[in-house]
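S.K.: Each chain is listed here by its residues.
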Amino acid sequence: MKLFYCCYGGAHTSVTCASIHLGYLPDDRVPSAAEFAGVPFYDKMDNHKLGTPVFMGRDALGWDIYIIGMKNVKTLVIPAMKSYLNACGMDQSDFLLVNALVELHPITSISGVATRKFGLIYPGRPLTIWGIRKTYPKFLALVKDVKENLQVRGNYIRTATDFS
Amino acid sequence: MMRIIYYSHWGTYAAYTMAALHTGLYPEDRLPPDDWIWAQHELCLRYGEQTGNLIYTGMDEQFTEIYTLGCRRHGEMIVRAIQHISDIFEVHETVHMISAESLDGMLPVLLQKLNSRDNSFTKMLFKDWFYRSYPKCQHAFQNGKLCNPEGNQGFS
Chain A
350 MKLFYCCYGG AHTSVTCASI HLGYLPDDRV PSAAEFAGVP FYDKMDNHKL
400 GTPVFMGRDA LGWDIYIIGM KNVKTLVIPA MKSYLNACGM DQSDFLLVNA
450 LVELHPITSI SGVATRKFGL IYPGRPLTIW GIRKTYPKFL ALVKDVKENL
500 QVRGNYIRTA TDFS
Chain B
975 MMRIIYYSHW GTYAAYTMAA LHTGLYPEDR LPPDDWIWAQ HELCLRYGEQ
1025 TGNLIYTGMD EQFTEIYTLG CRRHGEMIVR AIQHISDIFE VHETVHMISA
1075 ESLDGMLPVL LQKLNSRDNS FTKMLFKDWF YRSYPKCQHA FQNGKLCNPE
1125 GNQGFS
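Here the protein sequences line up with chains A and B, keeping their order.
The first sequence begins at 350 in my numbering and counts up one residue at a time.
The second sequence begins at 975 in my numbering and counts up one residue at a time.
This is chain B alone, in the form it adopts within the complex (with noise of 0.2 angstroms):
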């Protein structure tokens, strides 16, 4: 069994994103259902401010395990730390650290600020970012393109 770990700044936005086309929540041809597209939102208010704790997402297909996690911007020091951690404790499954942070973008950290109001401004806000981010998601995801700072992959 294998473990998937998708992390940008934050844990419930881009990386959330990616989890949830990874796991088949969201679909790969077409935009979520509006339910859905509030659910995340709701999911940012409640959790985006707890980085450093892993969300489980779901599992895939061949019963890998997809988890999100924020990272502020340490996600490198923090990739090594889990990599580590897993050798130390001799975990066997292997794990995968994978960065969306490039697909985050700036309104993420605006809307993390306003979140501390839950209004339809905010709601707008999480709208307009989604409809722009989840086409790079989705073409990130189809296409598989891999990089990461620690010779993993992630998304270019």
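Excised from the complex, chain A in its bound form (with noise of 0.2 angstroms):
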């Protein structure tokens, strides 16, 4: 069972996602900008390996977590992603993807490209760090989301099995 929180460039908002998910950043307070310091893989993805996914870690369901970016062409990298799984006969139903890129504050974004693409570590990872703080409930609503989801779709699973 795998799930891939997708974003620009695989280095702020997906990297966040998956660490409320795994329990890397706190999922019921905002999180000081010291704590980002300690999350693997943040501000960290160069732009020479986007579409690379990365492994976050597996959650308390089971579910392998990655994370990957896709600049803004997530309409063709996961068409491709998909149709190769699909030409290879692979089950993709434990094949999940979440757009973790919730509604910025513009400050995360133009940060986010000042260290990514222009090597601007400062001010620019702090400044992400700002930007994802200011938006970090919508995160938590998103991830909250999600795990709910899950946990219905692994009682469904279990159900199904039960009576089969």
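Simulated from the structure, these hints should not be mistaken for lab results.
You can take every hint at face value.
Taking lysine to aspartate or glutamate and the DMTMM-like style, the derived pairs with C-alpha atoms no more than 25 angstroms apart in a straight line are:
id, chain 1, residue 1, chain 2, residue 2
1, A, Lys420, B, Asp1061
2, A, Lys466, B, Glu1050
3, A, Lys398, B, Glu1075
4, A, Lys393, B, Glu1050
5, A, Lys398, B, Glu1050
6, A, Lys420, B, Glu1050
7, A, Lys431, B, Glu1039
8, A, Lys423, B, Asp1061
9, A, Lys398, B, Glu1064
10, A, Lys423, B, Asp1078
11, A, Lys431, B, Glu1075
12, A, Lys431, B, Asp1034
13, A, Lys393, B, Asp1061
14, A, Lys420, B, Asp1078
15, A, Lys351, B, Glu1064
16, A, Lys431, B, Glu1023
17, A, Lys431, B, Glu1067
18, A, Lys423, B, Glu1023
Assemble the dimeric complex from its two separately framed chains, guided by the hints.
M.R.: What follows is the structure, encoded as structure tokens:
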């Protein structure tokens, strides 16, 4: 079972969502800026590696959580991945993709470009953290929705199995 | 079993020509008949914009499945995505992604913009493009010149 959080650069929003999902970031408050330093892969994805999924961990329900940056062409990358798996005859019922690009603070977007594209780690990285913290409740709501859906999905499959 | 995916900006121009040469649909030593050229034009009209979707072309003598894929300007990113997805899902068959981007040229961009109107002018442009690109595709295929940004093989 594999779940991919997708965003533009694979460095900020998807990493934040995956970290909340896996408990690396708190789900009951806005974390401090220092807590982001402990988040694996935050602001680390190089532009020339975009499209590479990164494994973040496995959650309590057994889902492998990945992040992937797709620039602004997820309508190209997602069909390519899915049609390839289809061609390989792979069952995709446990392959889920979640768009982590919630309504971002413009500072996050601008500073994200500054760090990843232009290499301006300072002040880019602190500004991305500032922007992410501003919109943190939206990430919490997204991850909460995802987890609830996964839970319901798991219950449904267990129930269906019991009846079979 | 192996899979080969020819990719370029559009999946139905040079990438498809390469795939058709590989599967034997197109002859290696001469131009295909006009009916086949118009058939590829029809393919471009119908599926040219469906970038991101693999198009199955056929199998070669070694039962290698041959596909084409339109990647627009994001070939490198999609190559990485597919290769890593292949590892993640433990797909046992090898996949080779081969770039045909250098064989497309500029005319397909114009053709795709004009292809909303299927008329004798677009057909003429397509035929002109085909006649120019086919020898390059033949040459590249026969020589097997391969290079690609991810260290796989493609055509230079």
